[in-house]
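Turn these sequences into a full structure, and let the hints steer you where they fit.
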Amino acid sequence: MIQRRQPPTGINASTRLLAHNRTRAHAHVVTQGVVLDDEPDLLLEEEPAKRSVPAEESRFPTLADDGARQGPHTGVMSANHPLPHATSAPSRPAAAPGPSKVVRLRLRPATRRALLTVHIIAGVGLLGDVAAVLAINVRAATTDDPALAAASYELLAMFTVLFGIPLSFAALGSGILLGMSST
Amino acid sequence: MLLLGVILVGALVLGPGTEAMRAGDGGAEARLIAGSAYDVVALTLATGLSVFKPRRRRRGLRR
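Note that the protein sequences, when read in sequence, are chains A and B. Numbering that gives the first Met the number 0 numbers the first residue of the first sequence as 0 and each following residue consecutively. Numbering that gives the first Met the number 0 numbers the first residue of the second sequence as 0 and each following residue consecutively.
Chain A is faced by these chain B residues, among others (derived, beta-carbon under 10 angstroms):
1) A10
2) L13
3) T17
4) I32
5) G34
6) A36
7) D38
8) T43
9) A45
10) T46
11) S49
A few chain A residues that don't get close to chain B, going by computed Cβ distances all over 12 angstroms:
12) R103
13) T110
14) R112
Honestly, the hints are just simulated from the structure, not real lab data. Where a beta carbon is used, it is the ideal one built from N, C-alpha and C, also for glycine.
Structure, rendered in structure tokens:
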């Protein structure tokens, strides 16, 4: 028989939400076959909410932002995706910075969308540039006219300076920034 | 990696080859065609992998 603790009356809404969250987490732990006798108090559950959440942990939603998120991590309790508060450890230590610290950028959605647009334009432009370079190279190699071949190689040099170098570095830089800002 | 490969091929193969052909030395046609063909294939592959992500699809099938 599972006895669920009710949150004490007179507490604020966030504590009530944590109590509800904890009750669901406790039910999940029981379904896994582990019953926690010395389950931590609700006061311990408030501590992670008060401290600043690192960027790595902010991916896990709480019940408060269920409506704002969509996708696989919707905050619904299941056996595959338990909430982070459903751990069986009595007191989880704070996330200490390990040796493999991941640097993440936080961009506004408009900035990220503009960066993605720049990346796509640069990538597609670079693809068109190298396709044109391939066509000009084939034409210059197969022609019998030396003047046309010389003009083709002059055009190739202009293509490299005008399109190739700026577009490739724009695509590389925007791709690195997008990769650093993605979760 | 593919984009870095494109930049390296452009700097090490296409640039010197184009300069050699402009100077009239010749003999770099095959290198130029092979390098630019690699660039086209690599950028097409990068564009395709940015749309179709095989790791995400495999993870979705496992669920």
